[in-house]
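Here our numbering is used: the first residue of the sequence shown is 33, the next is one more, and so on.
FYI, nobody ran anything at the bench for these hints, they're computed from the structure.
Treat the hints with care, since some could be wrong.
Unchecked claim - Keeping only pairs whose Cα atoms sit at most 30 Å apart, straight-line, the calculated BS3-like set for lysine-lysine is:
1. 257 <-> 161
2. 193 <-> 123
3. 335 <-> 156
4. 95 <-> 150
5. 126 <-> 188
6. 226 <-> 126
7. 78 <-> 95
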Amino acid sequence: MKNKKLLKKIGIVVLLIIIIQNSFSFYNEYQKHIVNAPTHLREANKDYLVAKMFRNYYSFFIKTFRLDLDNPLLYPFYKPMVYFYKKGLNKLDKSEPLRAMWFHEFELTLYNYSTNGKYGSLAKNYDYKYAKVFINDVYMYLELINKNKEKLNEYKNLGYKNELTIGLLDVYLQFVQVYVQDYHLNPRGFTMRKENLEKVSESYDLYMKFKNIEEWDKEFIYYYKESQPNEYNIVLNPSRGWYSSYKNYYLNILQYSSFILFYQIANNKFDCIKSRKYIQNINISKELLLDIVNKYQVSISNKILLNKIISYLNIRNVGSKDFLISENPLKLEINCK
33 MKNKKLLKKI
43 GIVVLLIIII
53 QNSFSFYNEY
63 QKHIVNAPTH
73 LREANKDYLV
83 AKMFRNYYSF
93 FIKTFRLDLD
103 NPLLYPFYKP
113 MVYFYKKGLN
123 KLDKSEPLRA
133 MWFHEFELTL
143 YNYSTNGKYG
153 SLAKNYDYKY
163 AKVFINDVYM
173 YLELINKNKE
183 KLNEYKNLGY
193 KNELTIGLLD
203 VYLQFVQVYV
213 QDYHLNPRGF
223 TMRKENLEKV
233 SESYDLYMKF
243 KNIEEWDKEF
253 IYYYKESQPN
263 EYNIVLNPSR
273 GWYSSYKNYY
283 LNILQYSSFI
293 LFYQIANNKF
303 DCIKSRKYIQ
313 NINISKELLL
323 DIVNKYQVSI
333 SNKILLNKII
343 SYLNIRNVGS
353 KDFLISENPL
363 KLEINCK
């Protein structure tokens, strides 16, 4: 009897702690996202706050226990999160760049948690239909962020400073990484599979999208280097080693530049002069990535992984440091003297 009373008291105390914690958290979030928000965002942000409360619990279980996004046990958190996320999203203008930041918080980051940051198997894990919508949204929001990078930083400078308006460079690079790894929508997964590389060499749509991403990358990084030098120097600091945005940035460049050349060579569109920037991208990226491996403590498995990626993407005669063994199934080569 005493044990039952004790358990009841403990249960009440735990419940009160949760209520107080949530109330305190909601008050802080309300100050950040309603009181300090521009007037045109406040109505949508009311739904954002509710969605965020459910998202906190949902993400905790995904991140802690590596559960799939669609695990039925998480429905009590997932369903209301999505309901209020979509409800708030519908109140934002289609051109509002914070739509991309909401997507990052409620979809892309959760995908990252569920895979422990290992991309490339989106369609394998969640099916083609879901993956196609997701990856199209990633591309759409990449363009939206790049077009509105000044506006997002203006929000921050005007006092709307929070998780949606800070760390934008890191967020942008993650969008690029996900697209470059999961573009293929192949249920069998693995970015470097032969059929995926063949798809890159044949698809004009993918070719144009990778060319656009290459241009957006240059614009975005240049903007940050010039206007936000502190954030640029922190995020793209080579001393951060293997598990860093610096490494991901150059790996992204290596992959999408290679994919662009795959299409050009396979479709007789390669030009030694006009395509030179992609060759330079590849050679610089390879050198810097290998430099990370040599300078910092990188595991044997990650060294092997990098060498495999370079080998799969290898185009003969692209650089003076060609890998002797190429595993590129397309067997592409160029001849620029």
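Hints and how they fare:
For the given pair, residue 257 sits about 38 Å from residue 161 by alpha-carbon distance, which is inconsistent with the 30 Å threshold. About 21 Å separates the Cα atoms of residue 193 and residue 123, which keeps this hinted pair within 30 Å; it holds. This hinted pair checks out: residue 335 and residue 156 have alpha carbons roughly 25 Å apart, not beyond 30 Å. Between residue 95 and residue 150, the direct Cα distance comes to roughly 13 Å. Compliance with the 30 Å bound is thereby established for this hinted pair.
For the hint linking residue 126 to residue 188, the alpha-carbon distance of about 20 Å falls within 30 Å, and the restraint holds. For the given pair, residue 226 sits about 37 Å from residue 126 by alpha-carbon distance, which is inconsistent with the 30 Å threshold. Only pairs whose Cα atoms come within 30 Å are accepted, and residue 78 paired with residue 95 is accepted, the gap being roughly 26 Å.
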